[in-house]
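Trainee: Chains as they are written, first to last, in the working numbering: chain A, 1 to 207; chain B, 1 to 558; chain C, 1 to 685.
Derived by calculation from the structure, the hints in this document are not laboratory data.
Computed from a predicted structure; not experimentally measured.
Any given hint could be a false lead.
One side of the interface only, derived from the structure: several residues of chain B facing chain A at Cβ under 10 Å [said to hold, decoys possible]:
1) Val338
2) Ser492
3) Gly531
One-sided and incomplete, this derived list gives chain C residues near chain A with beta-carbon spacing under 10 Å [what the hints assert, rightly or not]:
4) Ala24
5) Phe45
6) Gln183
7) Asn585
Here are the simulated distance ranges between beta carbons [unchecked claim]:
8) C/Arg48 x B/Ala108: 51 to 57 Å
9) A/Pro95 x B/Asp417: 50 to 56 Å
10) B/Thr449 x C/Gly188: 48 to 54 Å
11) A/Val9 x C/Arg273: 51 to 57 Å
12) C/Arg273 x A/Ala14: 33 to 39 Å
13) C/Glu533 x B/Ala307: 45 to 51 Å
14) C/Asp203 x B/Ile185: 44 to 50 Å
All C-beta atoms in this analysis are idealised placements derived from N, C-alpha and C, irrespective of residue type, glycine included.
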Amino acid sequence: MPAVTVDGVAVEVAASATLLEAARAAGRWVPTLCFDARQAPFGACRACLVGVEGSAAPLPACTTPCRDGMVLDTEDPAGRRVAHAVVELVLSELPQAPAPHTELAQVAQRLGVEEPRWPGETHAPQPADTRHPYLAFQHELCISCGRCVRACDELQGTFALTATGRGFEANVAAGLDEGFRASACVACGACADTCPTDAITEVSLLP
Amino acid sequence: MLETMSKNLVELVRRHHTLDAPSALDVLKEAVELRGEITDADRREAAQRSGLPEAAVYGVSTFYDDLLQPRGERHVRVCTGTACFAATGDAHVDALREAFGLGLGERAADGSVSLAETVCLGFCHSSPAVRDGDTIDAGEDVVARVLSGSARPAAEPAWVSLLDEPVLTRPPDWSGLRRVLNERIAPEALLEEVKAADVRGRGGAGFPAGTKWQFARAAGGDGVQKFIVANGDEGDPGSYIDKYLMERSPELLIEGLALAGYAVGAAHGFVLCRSEYPRSKPALEAAAERAQADGLLGDDVLGSGFAFDVTIVEGAGSYVVGEETALLACLEGLRGTVSARPPFPAQEGLYGRPTVVNNVETLCNIPFVAARGAAAYHALSPASDTAGSKLVCFNERFARPGVYEVPFGVSMRWLCDEVADGLRDGRAIKAVQIGGPLGGILPASLLDTPFDFDALAAEGCMLGHGGIVAFDDATSMRDVARHLLRFGAHESCGKCFPCRIGLRRAHALFAADAPVDRGRLEALLETLELGSLCAHGGGMPAPIRSLLKHFPDELGLA
Amino acid sequence: MTTTCGYCGVGCRLETHVRDGQIASITPAMDGPANLGHTCLKGRFAHRFARHRERLTTPLIRDERGGPLRAATWDEAIERTVSALSRIRSAHGPDAIAGLASSRATNEDCYAMQRLMRAAIGTNNIDNCSRVCHSPTSYALRRSFGLSGATGSFADFDHADATILIGANPTEGHPVVGARIKQATLRGMQLVTIDPRRIELADYGVLHLAPHPGTNAAVMLGIAHVLERDGFVDADFVAARTEGFEALLELLPAYAPQAVEAISGVPAANLERAAHVYGAAANACISWGLGVTEHKYGSEVVQLICNVALMTGKVGRRGSALLPLRGQNNVQGSSDMGALPDTYTAYRSVTDEDVARSFEAAWGVPLSRAKGYTIPQMFDAAVAGELKAMYIFGEDVAQTDPNTAHVVHALKSLDFLVVQEIFENETTRYADVILPASSFLEKSGTFTNAERRVQLVAPAIDPPGEAKTDFEIIKRVARALGHALPWATPADAMDEIAALTPDWAGISHARLGRHGLQWPVAPDGTDAPILYEREFTRAGGRAHFAALPYKTPGDAADEEFPLILVTGRRLQHYNAGTMTRRTGNVELMDADVLEIHPDDAARLWISDGDRISVRSRVGRIELPTHVTDRIERGHVFTTFHFPQTRTNLLVGASADVNTSCPEYKVVAVDVRPLGEAPAHVPALA
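Pulled out of the complex, with its shape left as it was, chain A reads as follows:
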């Protein structure tokens, strides 16, 4: 059972624990956007970089395993600069500010992110896809965190969702981009539960 120190607090963690799990065990906040405790860590958002003594660069907390004796700084300045920048970049690709209740808005608020330094092209707004009685897609709000795809894969096991495109055009789709209704989706709602921006949400909760 490795023992690590997080912001000066000693914690003992399970053998396969990650730095993020250690930070949480110590009650310390590390910003995350692509992390969901029910899924294997993904390492996409890069907001969770923390300082580790002996490492020149901050390390991604969600995918780095703990080793006995590690000393973590969850507020490492370089790590926080990257987290801040990541949130700015994500806000800059959305056509409108995320709704206050969304995880993205809350992380942005907690990090004190305001105007993105690098404004530019955004996802083109489209009408919400509400062909399904319960689940709606608002594709322009997708930040490609992968949580919905992984929920459908690792939690439900229906594999109805996929990442699509490449680079800045990356997005998410159900089935052969045919909407939830026509795809293999069984409407368990796990994707809506995990989406941090309401790109997938309940039809009845659409604004």
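Please arrange chains B and C on chain A, whose structure you already have, making use of the hints.
Mentor: Structure of chains B and C alone, referenced to chain A:
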């Protein structure tokens, strides 16, 4: 608990692989080749035959360039790589677009012709290059020939070794494998020799191959299936070294794979070669067939009881698939996105099994080590701590472009002025980019820097894969920045946020008509360097930083 | 509010989000022990039925048979009910009245109902819908091991190296458990599926067996044969903890793989491999559903399943459990509560003097020692004129029980029928009084899931209009009958249950918290995730091997009825569809459909989507088809979610020999395109 992304999808693919099912990518490529585009019916068929869920197949079909570009009866692919850019400033691209009246990635309404961009065809010695159907033509007048329908296969210069005794350019003779098996050298002993030889990866990272092999050998329990994968996805524009190896010495690569398999305990090898190199797969397959017939591959290699076979797989148009975890995803027929590490492929790689991924050139170094030993390998580069020899290649701007085998430690100036004979037409080198689009840019004033891992790193450059691309005075460095960032943004796999969005923003900074705010640019570069998931986003800042340092006035900074 | 789902026996914990007195959304509880932050489309989204315009909001009275219903006050409705029941009791005795408790309702509701029937009316004629689904499981587990419940928890799937899944389709019927099993298979758990249909999980398992419907016993005996033959018997376990192995051994030679193949159609090599997968696993589970129980010999098959676990010692430890997938959200609980004609709480017999006396003392009235009617017996007695009245709450017998014609005849034969429901349905057509009741979103109490986990239910909204909670209604009726139930709240009722039931001694609402407790619960609150770690609860502490040979099912295909119909469930709807048909789920599935194999379809000139007729020995229906090769030749499958289909018209009287669970899974039928005249036309309902 740490796992590779989509462990379930990988497991589904593995289960169908054992049933000899094709990968989804195989089926989709077939459809594009037969009908010029992909329909939902093709996707459903790919899902059904490969065992991959339909949604995942859809995702694959929207990732790879080869699947996204519609093909007319005549499919023309124009290279937009750095060497071709260095040659014409992309004038050849504009000329073709205008002449066909098509944008890049468009097909004529009557389906007769389509135009697409491709990066890179590996004819950097004769830029610009155009692939008309299956004919790859290159040279100053290539556009005219293509437009008049008379494209002809371009010639490739012979490769040259500058060592006293050629190693990599020598006709392969299987002496390494023969020695190891005939003298019954134990796998562990071969592994130790490779470690002692300090063979560093030739693909860019320079990671010691022996150490990687050691991890894979130790991984997994008894009887766990292991794999060796040759990374033949030489996507670096300006680099055609692996192309030469795969097409001229495929046996050498196969021998290297077999030796790696022997040392690690793997019975299967894969080569992922690029679809932009259409001759590589046929050359490798023919060599594998001959090797099989000669008892150098198969169930009982040279009667030793060692079994090894090789499968050649062609990619589908994605640069980032050169990153090892993305490469494995491509082999599995999935989207070529990068996975977080750990776990490393040596622990959990292809189909979740321990896998060694080595660059083609790295594996081609192994037969010499096996035949002649670690000491002889070290002796190949007497002026350097780095062992072995290196293939380098030069772009069309040089007077004598081509592939050359050189020792480590020689100066860049010697390479540029003596080996490649300086630039053509009396032009002067303004700067060189070494090792690929993620490599730093060395101004002419620093050409005395030795060609070696540490020395180049000290100048913010990298040895990388060994491609050397020269820019002359006609090239604006702001255009170079824009060109590189456009390439970087286009090839981003789209998974990690800094690269997915950051490269697009960085390109926009240089593509706009406005001055570039240096502070904002540097903050963006830091985000990319520290935050990116892989060396694509992580490495893209390097050439930009070189330009900021050495050519700030050309960049149009605010 | 955090509550427990009212759909299926998984028992997902849910968070209800209310705005302005309406449910805005329901999300899964991250710490739900059975669901771990997951749920399915029913629990997650299918809650709009609670405010559907068809909700019953006032008591209704039908003044004359066949006439219309009119709104009434509670006082009038209760008075009408009580006076009818009292009159019938005086004239014909208390056993002329029967009650039916809802397996959807809470433990406290069901406990109240059985106390009403026993103490206020004076009869043991009380049953619940486990009769038609897992009563064979209850019977068999008690006979083989001692307790009527799963021997472990869903978590055991995560620790199993192999699992046999027989007669269940959890990715549709218990989606969260189905997902959990699927993930386990992707991590390497070796799943063997046994079902006439190629269920979704068959694509993830290592082996699928498709026996002819009704031959499960032969398959289980065959597996036992191979386990014994090939050295997988755990002799130490058998010697120390079981009895009756010798009798089983005498039976096994007749079930060699070739013999089993001849009976069931399962290739001998596959049978052997299935046994080896199970036998060689360090830990293995067996899980089953109604495809095992809803058969003439369902209760025997469950005992044969127990045999297989006992002979290999794979019971009583983590990763080796027997997990029957209980269907309804509280079918486990309604039976635990003694809403059964032959037992009080915790399956203690009504004929047991000590137990009966403890209830007499608590309730202050003498109690009958005679076993009451099961549901099928109630219908027979009604038709025979011996049963005069029924009080049914929360079960639509006219849609879900077999042999609809007979059920309708029975209901029409009663002098008085009072139905306590949330919607009008097929059964309320025959009711004299309808009492508007509450859904799971509107009541407090507890449900017991398939892991024996008792979990709290908390109301998110109020019952609509004048509807009341079932608990309130039953209390009112009981008081009006002269036996007041002394509980202010359901928590009080649970305290009485705990006081009178040793296995529930440590259970109270206060203790259940967010994660519930798995019975038996000791007085100090220690619960039981794993049963039988040290001993079985049968007398003597040993488990029992049942030496039961294979016998043919109650129905068989013949020239006139050449196909075998299996009935079951799909993902989007729950059983009668009472709730799900009044939600967006109808957009996802809007009709019962008959699944038929392409070869059979071709032979019958049927194309995908055609409407066809299905005729059995007792009835005839019409519905559309779906041609699929996931079902075997010679079998057809459909659901019973839509009342207009009347699927259960087809199901006859064949039922489990020990528990009367109907044989829904083996019905010989004739299928033909509409418009084609059959050879014989039986009397229609």
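Trainee: Please go over all the hints and tell whether each is borne out by the structure.
Mentor: Tested hints:
no.	hint	result
1	Val338	holds, 9 Å
2	Ser492	holds, 4 Å
3	Gly531	holds, 4 Å
4	Ala24	holds, 7 Å
5	Phe45	holds, 4 Å
6	Gln183	holds, 6 Å
7	Asn585	holds, 7 Å
8	C/Arg48 x B/Ala108: 51 to 57 Å	holds, 52 Å
9	A/Pro95 x B/Asp417: 50 to 56 Å	holds, 54 Å
10	B/Thr449 x C/Gly188: 48 to 54 Å	holds, 52 Å
11	A/Val9 x C/Arg273: 51 to 57 Å	holds, 54 Å
12	C/Arg273 x A/Ala14: 33 to 39 Å	holds, 37 Å
13	C/Glu533 x B/Ala307: 45 to 51 Å	holds, 48 Å
14	C/Asp203 x B/Ile185: 44 to 50 Å	holds, 46 Å
Checked against the numbered hints given earlier, this structure breaks none of them.
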